[in-house]
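S.K.: These are the residues of each chain, in order.
Protein chains: 2
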Amino acid sequence: MKIGIIGGTGPQGLGIAKRLAIAGEDVIVGSRKEEKALTVVGEANEEIKEHNPKELVGMANEDAAAAADVLILTVPLQAQSATLKTIKENAKGKVLLDATVPLETAIGGPVSNPLHINPGSAAERAAKILKDADVKVVAAFNNISNSHLANIPDPIECDCLICGDDKEAKEIASDIIEKIPGLRSIDIGPLNKAHLIESITPLLIGMNIKFKSHYGGFRITGIDFE
Amino acid sequence: MKIGIIGGTGPQGLGIAKRLAIAGEDVIVGSRKEEKALTVVGEANEEIKEHNPKELVGMANEDAAAAADVLILTVPLQAQSATLKTIKENAKGKVLLDATVPLETAIGGPVSNPLHINPGSAAERAAKILKDADVKVVAAFNNISNSHLANIPDPIECDCLICGDDKEAKEIASDIIEKIPGLRSIDIGPLNKAHLIESITPLLIGMNIKFKSHYGGFRITGIDFE
Ligand SMILES: NC(=O)c1ccc[n+]([C@@H]2O[C@H](COP(=O)([O-])OP(=O)(O)OC[C@H]3O[C@@H](n4cnc5c(N)ncnc54)[C@H](OP(=O)(O)O)[C@@H]3O)[C@@H](O)[C@H]2O)c1
Ligand SMILES: NC(=O)c1ccc[n+]([C@@H]2O[C@H](COP(=O)([O-])OP(=O)(O)OC[C@H]3O[C@@H](n4cnc5c(N)ncnc54)[C@H](OP(=O)(O)O)[C@@H]3O)[C@@H](O)[C@H]2O)c1
Numbered sequence: 001m002k003i004g005i006i007g008g009t010g011p012q013g014l015g016i017a018k019r020l021a022i023a024g025e026d027v028i029v030g031s032r033k034e035e036k037a038l039t040v041v042g043e044a045n046e047e048i049k050e051h052n053p054k055e056l057v058g059m060a061n062e063d064a065a066a067a068a069d070v071l072i073l074t075v076p077l078q079a080q081s082a083t084l085k086t087i088k089e090n091a092k093g094k095v096l097l098d099a100t101v102p103l104e105t106a107i108g109g110p111v112s113n114p115l116h117i118n119p120g121s122a123a124e125r126a127a128k129i130l131k132d133a134d135v136k137v138v139a140a141f142n143n144i145s146n147s148h149l150a151n152i153p154d155p156i157e158c159d160c161l162i163c164g165d166d167k168e169a170k171e172i173a174s175d176i177i178e179k180i181p182g183l184r185s186i187d188i189g190p191l192n193k194a195h196l197i198e199s200i201t202p203l204l205i206g207m208n209i210k211f212k213s214h215y216g217g218f219r220i221t222g223i224d225f226e
Numbered sequence: 001m002k003i004g005i006i007g008g009t010g011p012q013g014l015g016i017a018k019r020l021a022i023a024g025e026d027v028i029v030g031s032r033k034e035e036k037a038l039t040v041v042g043e044a045n046e047e048i049k050e051h052n053p054k055e056l057v058g059m060a061n062e063d064a065a066a067a068a069d070v071l072i073l074t075v076p077l078q079a080q081s082a083t084l085k086t087i088k089e090n091a092k093g094k095v096l097l098d099a100t101v102p103l104e105t106a107i108g109g110p111v112s113n114p115l116h117i118n119p120g121s122a123a124e125r126a127a128k129i130l131k132d133a134d135v136k137v138v139a140a141f142n143n144i145s146n147s148h149l150a151n152i153p154d155p156i157e158c159d160c161l162i163c164g165d166d167k168e169a170k171e172i173a174s175d176i177i178e179k180i181p182g183l184r185s186i187d188i189g190p191l192n193k194a195h196l197i198e199s200i201t202p203l204l205i206g207m208n209i210k211f212k213s214h215y216g217g218f219r220i221t222g223i224d225f226e
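Heads up: the protein sequence lines correspond to chains A and B, in order.
Anchor point for the first sequence: position 108 equals 108 in my numbering, and the numbering is continuous, going up by one each time.
Anchor point for the second sequence: position 122 equals 122 in my numbering, and the numbering is continuous, going up by one each time.
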C-alpha cells in the first residue's frame, strides 16, 4: 500500500510523512511543484535516516494521487478546493484522509478561531468537491499537532478522532494512524460529525498559545473502545 | 460560601449538588417549585448520608439565588432565558457558572447534535440575558456527564474546561470544580470561547451512544498547566 500526502511539503503533511516512513510505510510527498517535493523529501530523508525509515519519495500532487492507494490531504482550507480539483481525476475510487481544519487564518483572522463554512466541515466540503469521483473521504489527523509529529521519535499521547461514511475506508485510516506510536484512532461516526472533530483544533491551538505549549492534544476517558 | 444550583432538581444539577455536599460545601438546590426542591433534596440527603455530607437545602430558584453567593445554572437551553429572568434581580453582582449546552434536543432533534445559536454559545447568551445585573458568567460543568456525577464516590477522570471574562470568578469556579474528586479545571480564556467548550458535549454524547457508555469525558494532554 502506497500513501500519498497531497500538499505534503508543509509541517503537517511532512510530519505525517516522516512518522509513516519511520513506521515502514511507502510514502509519497506531493507538492504543486515536483521540484519542491524532491527538495523537501531529500532533506527529510537525511533528517530521519537514523530511524531506518522507508525512503520518502517526492512527486507533483497529481502524480502522487495517481501512484498512491490512499491519499492524505494536508493543505490550508483556502487551498483545499483548488488542490482537490487537480487530483480529482487521479484520485478516483480511492480513500482520502482529510486533515484540513477551517480556521479564521484562511481569511486573515486568528488561528485559534474556527471558521464557519458551508457545508459545516472541511471534510464534507472535500467530499462535495470530489463528488462523482467515488472518493471515500475520512476526516483524520485534524487534532494532531505538527510539533508533536516532528518530535521524533517520541510517542504522541493523543487520540485521533476520525469520521466518514465508508467503514472500510475508516479501517484503513485507523491502521495508518495507529502506525504512529502513541496515537489511538477513534471512529466517532459518519462524515457529518466532522465539524465536531474540526472544532477541537482551534481549542487546542488556543490552549497551546495560552499555556505556551505546542503539544496540546487529548485522550478520551470513560469509554471502553474494545 | 453558599452555592445555589438553579434548576438543581435534574440529573446534572443534583449530581453537582450531591458531589459538592459530600465535599463539605453548603449547597442549595433550586427549583421552580419550592415543594419539588424540598422533596428532591430530602431523597438526595438520604441517599448520600453515608458519605457524611453537609445537608442539602431546597428552595425556590429565586430564593436560592438570593441566599447563595455563587450560582450554578443547570437547566435545558429552552429554559435558560425564562429561568435567568426569574433570578436576575437576586443574582445581582454574583458569580454564575453556566452548564447549559445548546443541543438539538431543545427543538426536538437528536441529543448528539449541537444547536447553533446567536450569540454562539449558551454562556454568552446567559451573559446577555443578565446584562446590567453585573453577574460574572463562567461556562463550567458543560463537559461532565451526569452519570459520572451520580457515580458516587468514584472520582471523575475528566477535565472540566471553563471560560469567562472575570478572573476572580474563574478562580471561584475552579475551586468549586476541583472539590469534586478527579476533576481538573482548565481555564481556556474569555467567555467568547464558550462555543468551543459547549461543542465538545454533543461529541461526547454521540460517543457514549455509539460505544455504549455514560462516562465519556477527556483529559487534555501535552500541556503543562502549572
Ligand atoms: N499544522 C498543524 O499543527 C496542523 C494540525 C492539524 C491539522 N492541520 C491542518 O493541516 C493542513 C496543513 O497544515 P500545514 O500547517 O502543514 O499547512 P501549510 O504549511 O500552510 O500548507 C501545506 C502545503 O499546502 C500547500 N499550499 C499552501 N498554500 C497553498 C495555496 N494557497 N494553494 C495551494 N497549495 C497551497 C503547500 O504545498 P506546495 O507549495 O508544496 O504545493 C504547503 O506546503 C491545514 O488545513 C491545517 O489546518 C494542521
Ligand atoms: N445531563 C448531563 O449529563 C449534562 C452534562 C453536561 C451539561 N448538561 C447541561 O446541564 C443542563 C441541565 O441538564 P439536565 O439533564 O439536568 O436537565 P433537565 O433534567 O432536563 O432539567 C433540569 C431542571 O431544569 C428545570 N426545567 C426543565 N425544563 C424546564 C422548562 N421548560 N422551564 C423551566 N425549567 C425547566 C427543571 O427543574 P424544576 O422543574 O425543578 O424547576 C429540571 O429539573 C442542560 O443545559 C444540559 O445541556 C447536562
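Think of the hints as simulated: they come from the structure by calculation, not from any bench.
Bear in mind the structure is a predicted one, so any value in this text is a computation, not a measurement.
Note that the Cβ used here is the ideal one computed from N, Cα and C, for glycine as well.
Please note: incorrect hints may appear among the correct ones.
Not the full set, but computed from the structure, chain B residues with beta-carbon under 10 Å of chain A [stated by the list, open to error]:
| no. | residue |
| --- | --- |
| 1 | 45 |
| 2 | 47 |
| 3 | 116 |
| 4 | 120 |
| 5 | 147 |
| 6 | 186 |
| 7 | 188 |
| 8 | 199 |
| 9 | 200 |
| 10 | 216 |
S.K.: Each hint should be assessed against the structure and marked as holding or not.
M.R.: Structure-based check of each hint:
1. Residue-level restraint check for residue 45 (chain B) is violated (minimum Cβ-Cβ distance to chain A is 27 Å; threshold 10 Å).
2. Taken as an interface hint, residue 47 (chain B) does not check out: its beta carbon lies about 22 Å from the nearest beta carbon of chain A, beyond 10 Å.
3. Interface restraint check for residue 116 (chain B): the shortest CB-CB distance to chain A comes to about 8 Å, inside 10 Å, so the restraint holds.
4. For residue 120 (chain B), the interface hint holds, the least distance from its beta-carbon to any beta-carbon of chain A being 9 Å, beneath 10 Å.
5. Of the supplied interface hints, the one on residue 147 (chain B) holds, with its beta-carbon coming within about 9 Å of a beta-carbon of chain A, less than 10 Å.
6. Because the smallest distance between the Cβ of residue 186 (chain B) and any Cβ of chain A comes to about 7 Å, under 10 Å, the interface hint for this residue holds.
7. The interface hint given for residue 188 (chain B) holds, since its Cβ lies 6 Å from the closest Cβ of chain A, which is under the 10 Å cut-off.
8. The beta carbon of residue 199 (chain B) is positioned within 10 Å of a beta carbon in chain A (closest approach about 5 Å), and the interface hint is therefore held.
9. A least Cβ separation of about 7 Å between residue 200 (chain B) and chain A falls short of the 10 Å threshold, and the interface hint therefore holds.
10. The interface hint given for residue 216 (chain B) holds, since its Cβ lies 5 Å from the closest Cβ of chain A, which is under the 10 Å cut-off.
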